[in-house]
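Single-letter residue listing:
There are 2 protein chains.
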Amino acid sequence: MIGKVGGGLAMYQAMTALGHAAESRFMGPPKLGGARAGASVLVLGAGLAGMLAAYELRKAGYKVQVLEFQNRPGGRNYSVRGGDKVVEIGGATQTCGFAPGNYLNPGPWRIPHHHRTLLHYCQELGVELEPFLQLNHNTFVHRKTAFGGKPQRYKELAVDFKGHVSELLSKSLNAGSLDDKVSAEDKARLLEALREWGVLDKNMAYAGSLRVSGQRGFDSPPGGGPNGAPTASTINGLGDVLDSHVWTQMGFFFNYVMQTTMFQPKGGMDMIGKGFAKALGNAIRLNTRVTKIAQDDKGVSVDWEDAVTGQKGNSTADFCVCTIPATILGQIPIQVAEAKVAAIKALPYSNPMKIGIEMKRRFWEEDYSIYGGHSFTDQAIGVLSYPNYDFFTRKPGVLVAFSSGTGGYELVGMTPEQRIEAVLAQGSVFHPAEFRKEFATGTSFAWSRMPWILGSCARWTEETRAQHYQNLVSIDGRIVLAGEHASHLGCWMEGALLSSLDAITRLHQRALAA
Amino acid sequence: MIGKVGGGLAMYQAMTALGHAAESRFMGPPKLGGARAGASVLVLGAGLAGMLAAYELRKAGYKVQVLEFQNRPGGRNYSVRGGDKVVEIGGATQTCGFAPGNYLNPGPWRIPHHHRTLLHYCQELGVELEPFLQLNHNTFVHRKTAFGGKPQRYKELAVDFKGHVSELLSKSLNAGSLDDKVSAEDKARLLEALREWGVLDKNMAYAGSLRVSGQRGFDSPPGGGPNGAPTASTINGLGDVLDSHVWTQMGFFFNYVMQTTMFQPKGGMDMIGKGFAKALGNAIRLNTRVTKIAQDDKGVSVDWEDAVTGQKGNSTADFCVCTIPATILGQIPIQVAEAKVAAIKALPYSNPMKIGIEMKRRFWEEDYSIYGGHSFTDQAIGVLSYPNYDFFTRKPGVLVAFSSGTGGYELVGMTPEQRIEAVLAQGSVFHPAEFRKEFATGTSFAWSRMPWILGSCARWTEETRAQHYQNLVSIDGRIVLAGEHASHLGCWMEGALLSSLDAITRLHQRALAA
Chain D
2 MIGKVGGGLA MYQAMTALGH AAESRFMGPP KLGGARAGAS VLVLGAGLAG MLAAYELRKA
62 GYKVQVLEFQ NRPGGRNYSV RGGDKVVEIG GATQTCGFAP GNYLNPGPWR IPHHHRTLLH
122 YCQELGVELE PFLQLNHNTF VHRKTAFGGK PQRYKELAVD FKGHVSELLS KSLNAGSLDD
182 KVSAEDKARL LEALREWGVL DKNMAYAGSL RVSGQRGFDS PPGGGPNGAP TASTINGLGD
242 VLDSHVWTQM GFFFNYVMQT TMFQPKGGMD MIGKGFAKAL GNAIRLNTRV TKIAQDDKGV
302 SVDWEDAVTG QKGNSTADFC VCTIPATILG QIPIQVAEAK VAAIKALPYS NPMKIGIEMK
362 RRFWEEDYSI YGGHSFTDQA IGVLSYPNYD FFTRKPGVLV AFSSGTGGYE LVGMTPEQRI
422 EAVLAQGSVF HPAEFRKEFA TGTSFAWSRM PWILGSCARW TEETRAQHYQ NLVSIDGRIV
482 LAGEHASHLG CWMEGALLSS LDAITRLHQR ALAA
Chain R
2 MIGKVGGGLA MYQAMTALGH AAESRFMGPP KLGGARAGAS VLVLGAGLAG MLAAYELRKA
62 GYKVQVLEFQ NRPGGRNYSV RGGDKVVEIG GATQTCGFAP GNYLNPGPWR IPHHHRTLLH
122 YCQELGVELE PFLQLNHNTF VHRKTAFGGK PQRYKELAVD FKGHVSELLS KSLNAGSLDD
182 KVSAEDKARL LEALREWGVL DKNMAYAGSL RVSGQRGFDS PPGGGPNGAP TASTINGLGD
242 VLDSHVWTQM GFFFNYVMQT TMFQPKGGMD MIGKGFAKAL GNAIRLNTRV TKIAQDDKGV
302 SVDWEDAVTG QKGNSTADFC VCTIPATILG QIPIQVAEAK VAAIKALPYS NPMKIGIEMK
362 RRFWEEDYSI YGGHSFTDQA IGVLSYPNYD FFTRKPGVLV AFSSGTGGYE LVGMTPEQRI
422 EAVLAQGSVF HPAEFRKEFA TGTSFAWSRM PWILGSCARW TEETRAQHYQ NLVSIDGRIV
482 LAGEHASHLG CWMEGALLSS LDAITRLHQR ALAA
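Residue numbers (the working numbering), protein chains in the order written: chain D, 2 to 515; chain R, 2 to 515.
Chain D with its partners taken away, still in its complex shape (with noise of 0.2 Å):
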């Protein structure tokens, strides 16, 4: 029995029992056996739902045509590089400026090690992987309120925070505060632990010591010859630690999604988007803009519009796939339940933006030691990450600034050349004597802003989906949507391509009961 219920729910419970690691959903590639002759699937959307659907559905026997908005495939799943167009909703025009083999992955940017779909089809489809570094300990934390605004490297307030927090509950401990709470054994262990994880003294205190700086750094670091012996730095207060709201950081690295090992392909993020459009060849149609989804007993049509040539076009098919974001989605009419209508219209997407600001020169490698990672800050642009790839080549190097929420809303709000002077203003305070100094050029996506999607990701809250998700998911009639936001992983590529191995293996089982 095991791998034949669809949506390979019943193997991943197998698995389970066996021992594997839970870590994916994701069973190897669906095995749809053979589609009845002739059958056909319109997917409308050439994202990675869209791709994975289509070549999934032709190896199963389907006639398969995708239809596509843009004049490129691959949907969010995209890199912006020297030459190329960025146009937002308003007219504002921006052509990016980066030297040859630089770009900016406006959207997706990181590959967790458990996104086993993904890597799955990036190995089938030939998209070279590297590291993406994801935790760095020398890059910075920065808050407008703490150490006078001057940004503090992750390292020392990390280890300064679990020296706090290690000295204060051995003081508990040995005070018997807890002895209620923990066994005599534990404690005793729970101690040893805080001694040696905490780096705390024979006192139980967290005090500046060399040991303490052979985690948190030296004043003077080990060296050779005569004058090598190292000097120890100066650990921070608890106060001050607490200013930094580092804990934040810390927690960050632990979720599971940023845990490392990642990955990014090789070039670009958009490699994997190529791969699919290459295996697919002339299957996608690209500047076709969808007016109308219709459907009866027979099957469903389309209504499209050249955007190029304005020519207006019909196709027809015995099933849809559907990955048009819901943003775009909610104002083409659709012959759908009033329910899943409902769901679309319900549906927030979040409001990010990347700013990509190339530097002449990689001074964060050369004077500042980080190699790759992300700097974290209060301001608007919240993070700045570091690149990838070229480490230590004389090239200049794309930094990227992440900004959602509050920040998101600021930034993109401005015009482009308004984001980039914010950007060199806020990017100065961690690299006050280089980044004006170094700045070559610098383009800003706002995903709110691109006609195309008019947001970034699906942002489901608990009452949302109790309400909306089994209406926005389930096959209604001779149609089911896919992306991420018709999966519990919204905002992941790993969710778009399980949501939709999912469809399609129910449009399958469907198609083949019609």
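Since the hints were derived computationally from the structure, they do not count as laboratory data.
A quick note: this is a predicted structure, and the numbers were derived from the prediction, not measured.
Incorrect hints may have been included.
Identical copies go unnamed one by one, so any copy, or any two together, can satisfy a pair.
As the list claims (entries may be wrong) - Here are the simulated PhoX-like cross-link-like pairs (lysine-lysine), alpha carbons at most 25 Å apart as the crow flies:
| # | residue 1 | residue 2 |
| --- | --- | --- |
| 1 | K145 | K188 |
| 2 | K293 | K64 |
| 3 | K151 | K188 |
| 4 | K32 | K60 |
| 5 | K188 | K156 |
Given chain D's structure and the hints, the job is docking chain R onto it.
Then chain R, alone, in the frame of chain D:
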């Protein structure tokens, strides 16, 4: 004045005062100025310290000759590849059977981002670097007495550890037992920190939940479509977590020399030694066993024997940089002060070993989602490391068992065949179904059984350093010692290089004053 004083200390202090990171003593290549016409230096040992000394002294105008005992340059900067022979004292000989492209770095294998000297010369010599993935949340922690001997994923134990620590400290804070030590304001902020960092629930308890699973992993991870909802994993109790001693690994990753980002040379660590050797060309005489080191007012005189032909010879020069490891140098008559001889003889070397195990299939990647990093055990092998190159390929991969301390002694005492069997038995703890099945070939490298070094690297204690270090590193007449043992950064290539730069800077001053 900046930069003029030997050893770069003044520049170092000035840089620190200017607000630069105190990450390294390295202030760029030494500015030795010109040597006196015809001045010559004999360098003993073609490891990194010796080759760097020769490289920079030659640049400064010295006539340089390097004598090396082995039949290859590089010393401990070495990579064992298919076809290479490993010959131990006692005669045990292994011929490495690794597939093309695979290697074992028996000595140094990772480069911290703050080892600026090494990184500088890698760039100068054109040695390409790639990330060494030190911290991998998805590897295993195994302890014979924990979890019935079943290894646990690091992420699960680490998340549970910080959860329990946060809950306990919160309880103490809320009970008021730390009110005399933490201000009311800090107490409120620390509680906020513990709730977020420890992923505590609204009652400040650490309990299994989807939020907690968002860090430690899910029982059933999020997926797509109707059945995509995740289910929470079950947390481990405090006692079980303490059984695992996971705090040791949590602290290990915070060691300054172990912090991300780390690097390795593409293709094997010996690319660095080969880079130096190529630059030095025929200045290196291989197979040359030094038998006596003498000096007088006029110069140094070194007797040697060709290890292949038996030919005896003598080389002379104005000065000598001796980088022969203390274990070997202690057996060679050397004309220096008694205190220096005593220092040489007093220095113990560590006794670790590495065993490279080539597997036919990269099952750790395919079946366990482990890409680089280390699994930890309290068995003799200590650490099982996963390769950081050829990810996602179908090529065979080399796992590395790294054993030090008592485990190292245990394994060194075995025959090469017994060591492989020990690794297969102990490594099977992590990968029971695959470890023996996929085994192809293995090569072990026992440092204390290598005739050219008889150990791995210098292990100064506080006491031996206080008594002997200055005597070891001082210039004696025309002879200066250099190498990792003559630094405060022992067992690291960076220590060898910093020691070398310091030694030649002092020797150059001595030479100009002579």
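Here is how each hint holds up against the structure:
Taking the shortest Cα distances, K145 and K188 sit within 25 Å of each other only across copies (21 Å), while inside one copy they are farther apart (39 Å). In this assembly of identical chains, the alpha carbons of K293 and K64 lie at most 25 Å apart only when taken from the same copy (21 Å versus 83 Å across copies). Within a single copy, K151 and K188 get their C-alpha atoms only as close as 39 Å, which misses the 25 Å cut-off; across copies the closest is 24 Å, which meets it. Proximity of K32 and K60 under a CA criterion of 25 Å is satisfied intra-copy only: 10 Å inside one chain copy versus 66 Å between copies.
Taking the shortest Cα distances, K188 and K156 sit within 25 Å of each other only across copies (23 Å), while inside one copy they are farther apart (28 Å).
Consistency note: the structure conflicts with none of the earlier hints.
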